[in-house]
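Student: Here is how the chains run, residue by residue.
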Amino acid sequence: MPIPITQYNKEVKPTWCMGCGNYAIHIAIKKALGELEITPNQAFVTFDIGCSGNGADKINVNAFKGLHGRSIPLAIGSHLANRKMTVLATIGDGGCLHEGLDHLIHAIRSNYNITILIHNNQNFALTTGQATATTPEGKKMYGLPDGRPEREMSIGEIVFSSKPSFFARGYSGDPLQLTEILKEAILHKGCSVIEIMQICPTYNKESSLEWFAQRIEKLDKPLSTINKAKEIISMHEKIKTGIIYTDKSIPTFYDRLENRKGLGTELVDEVKQYDISKLLEDFK
Amino acid sequence: MSNQRLIVKFGGESGQGINTLGQILSKSIKESGLCNFAYREYPSLIKGGVASYQIDIAQEEIASSSRTCDILSVLDIDAIHEYFPSVSPNGVIIYNKEELNLSQEEKDYIEKNNISLISLDTVKMALEVEGIEIMANMVILGFIWKLLELDTKPLEEIVRETFKDKNIDLGAEIRCVRAGYNSEQIKKEILKPLTFKSSKKWKDSLNITGNEAISLGAISAGCRALYAYPMTPATSILKYLGDTYKETGILIKQAENEITAAQLSMGSMNMGTRAMTVTSGGGFDLMCETISCAGISETPLIIVLAQRAGAGTGLPTWTGAGDISLAVHGGHGAFSRCVLSVSDPQDAYTLTQEAFNIAETYQIPVILLTDKQIAESIFNIKELPKPTMIERGITTGENRYEITDSGISPRWIPSADSPTYLQNSDEHKITGESTEQSNEVVEMSDKRLRKTETLREQIPDPLYFGNKNPEIVFVGYGSVGNTIRDILKDNSHIGYLHYQYIYPLKYERLIEFHEEGARVVIVENNQTGDFAKLIKQESGFEIPERILKYDGRPLFIEDILDFLHN
Chain A
3 MPIPITQYNK EVKPTWCMGC GNYAIHIAIK KALGELEITP NQAFVTFDIG
53 CSGNGADKIN VNAFKGLHGR SIPLAIGSHL ANRKMTVLAT IGDGGCLHEG
103 LDHLIHAIRS NYNITILIHN NQNFALTTGQ ATATTPEGKK MYGLPDGRPE
153 REMSIGEIVF SSKPSFFARG YSGDPLQLTE ILKEAILHKG CSVIEIMQIC
203 PTYNKESSLE WFAQRIEKLD KPLSTINKAK EIISMHEKIK TGIIYTDKSI
253 PTFYDRLENR KGLGTELVDE VKQYDISKLL EDFK
Chain B
133 MSNQRLIVKF GGESGQGINT LGQILSKSIK ESGLCNFAYR EYPSLIKGGV
183 ASYQIDIAQE EIASSSRTCD ILSVLDIDAI HEYFPSVSPN GVIIYNKEEL
233 NLSQEEKDYI EKNNISLISL DTVKMALEVE GIEIMANMVI LGFIWKLLEL
283 DTKPLEEIVR ETFKDKNIDL GAEIRCVRAG YNSEQIKKEI LKPLTFKSSK
333 KWKDSLNITG NEAISLGAIS AGCRALYAYP MTPATSILKY LGDTYKETGI
383 LIKQAENEIT AAQLSMGSMN MGTRAMTVTS GGGFDLMCET ISCAGISETP
433 LIIVLAQRAG AGTGLPTWTG AGDISLAVHG GHGAFSRCVL SVSDPQDAYT
483 LTQEAFNIAE TYQIPVILLT DKQIAESIFN IKELPKPTMI ERGITTGENR
533 YEITDSGISP RWIPSADSPT YLQNSDEHKI TGESTEQSNE VVEMSDKRLR
583 KTETLREQIP DPLYFGNKNP EIVFVGYGSV GNTIRDILKD NSHIGYLHYQ
633 YIYPLKYERL IEFHEEGARV VIVENNQTGD FAKLIKQESG FEIPERILKY
683 DGRPLFIEDI LDFLHN
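Top to bottom, those sequences are chains A and B.
Residues 3 to 286 (my numbering) make up the first sequence, in order.
Residues 133 to 698 (my numbering) make up the second sequence, in order.
In isolation and in its complexed conformation, chain A is listed as follows (with noise of 0.2 Å):
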């Protein structure tokens, strides 16, 4: 029986913006929790900084809200004492390609089994309007008078050269869409890598419902392969949203850990006063 997504709900009053798209991401966090029957209490979410990191006290799980650029690793550290808690990070394109970018680079290579969901909303929102990685060459942005004067970096790119096992792109006026990418994320045992395209009416003014209704265009499936899957990350005309690459035989980073191989029990389990005096016959 799915859980009902009211008890996933807070009485705590949001802080976002009018048809921001943090409000239907949440809703679809919400819904593939709920969906796969992962109790509030059997989630762990980290958070980081910006109009994402927010949502921190917006919904009810364990969660911890962290440092900018940080949500990643404080994910991962969450993973390796409970793999039995479902783990998401999320974080936004700013904390992610900036201040964490060896973050992702390395979590994905690591192939943590973890969701990562990153809310590309192509600026630092929170700080009104400065552009990120993901702010198109050119733009007007807080600061730059004169248009940002560095090439745009592209997520999907970022994220397929470093062989990720799982890469979708959801979008935030989508939420139905995003919560079965989501539910697939969360049930692959794996790095899962979301990009979600997030509205943000106040500082992108330019990425509006419109801009994105003529762009998106839905894949019924995954690419079959890698090289096909990067074919088709691009955004420069049509935007592709779904599941767009897994790959199921990559081992998770603990499945290679040869020393924890058939301990039943998770490190939260485990702490305890251990016996040291054989290790001593070493130094005698």
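Rather than coming from a laboratory, the hints here were simulated on the basis of the structure.
For every residue, glycine included, the Cβ atom is placed at its ideal position computed from N, Cα and C.
Any given hint could be a false lead.
To be verified - To give a feel for the contact side, a few chain A residues facing chain B, derived at Cβ under 10 Å: (1) T41; (2) D59; (3) N62; (4) I107; (5) T267; (6) E268.
Mind docking chain B on chain A? Use the hints.
Tutor: Coordinates of chain B only, in the frame set by chain A:
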């Protein structure tokens, strides 16, 4: 009674097998029933430069190094020029067959101090007994062993044990040891017989480094994950816990950087296991944001800060204790924390366990200071203390950040059986939800900082050693303490106040000594007397005299003796 020393030093290029020589000699001395302390100097490069291993040998416990040596064995001629001024009068220098090219100054020093120069063609000697070139070092060991007039059995045992898994002709190794031992160059006037009384307590003792003791403390305390990025002199903790991970089941993750290592640690600790991270000053800088985050979110966090000398890259492989201000103040904003300082394997073992208990009970970041001299030197100790009982302070409650008199709020482990909560690095209400309300901010900030006072009441006073009515009281922490403790017996008018708990700081005892008329002298392995500054900050008392050493070398016993004699 005076605890005299006999000191052997090996010098040579990095990569010439100096470490193996030092380790074998240290173990063999222990097997012979004597105490020793082995100190290693090496440059931050793989091949070349000048490296050394110094073994101070004594009858009773020692845990420090001397500035001088009685026997200097050099594998590379450059090492003679580097180390000849440290050779004591009537000492012996052993070198290979090469030309020495001594300067006039060096010649004068050697003559004036009656130092014997012994040229030993160790490669030829090794080949003569059908050994191979790399076994030349075993010839040196045998030669030195004869100079000390020790029974060869313990040495041969340790040589066999050292090389048994290395696919090397053990018979040839032993023949080389004996070739050195029976060398015709041994003459009565160069012998340095070890007349110290041998004891079973040292034969049965542990040969252990400070970092190994920290690792064992972590294992004992139920630490289940180590997250680290390599940085000297913390790296050998990663090595020991990695080498033993099959026995312990500890999860080892070499992180992409120190920021990650700290975040992984904080994440795992919050989830309810015990984890730690280890680093040196530069890596600690990167961890400061996480310390601040752990502080406001009240998440347990353990960082071992193994200090080395200098700012920036500084002297990467040399010792120092200049990071105390960083440990006490690193991280933005106000929050409670605890800083501990180890000095030897015994307290490294205990304080590591204490660090976990304090971090979890008080829900604060705990920084465990050590320095390269403690981290990498080999100590002989009779045993490790009994394990410290685990205390986690895990309870149930309604609100994660409940306001309490002690400052400690209920903390429980996230699980399918427990209520959810938000661990928040934004300022928050008792429920964890973010707030910017003036009264709530003040109330929560005050609650958090009350933990410092609660902790201050719980932690023990600094340890005191020596004369009950001292003329001089030295004050210190870390490896300088070992040096001072080693000279107390021969200097009955002094005392030593040793700090293991750096912050929160207990200063009452220190002030008492001052008020009773003792000369109070701070001793620190740094340039600016940072611990003295902390004492002044906390107590208002400015320590009048200071001994500061910041050349990358540990505090040698002569550094303190010179102070006393001047």
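Student: The structure should be examined with respect to each hint, and the outcome stated for every one.
Tutor: Evaluated hints:
1. T41: Since chain B brings a Cβ to about 7 Å from T41 (chain A), closer than 10 Å, the hint holds.
2. D59: Hint on D59 (chain A): holds, closest Cβ of chain B at ~4 Å, below 10 Å.
3. N62: With a minimum Cβ separation of about 6 Å from chain B (threshold 10 Å), the hint on N62 (chain A) holds.
4. I107: At about 8 Å, which falls below the 10 Å cut-off, the nearest Cβ of chain B leaves the hint on I107 (chain A) intact, so it holds.
5. T267: Hint on T267 (chain A): holds, closest Cβ of chain B at ~9 Å, below 10 Å.
6. E268: 8 Å, holds
The earlier numbered hints are all upheld by this structure, with none contradicted.
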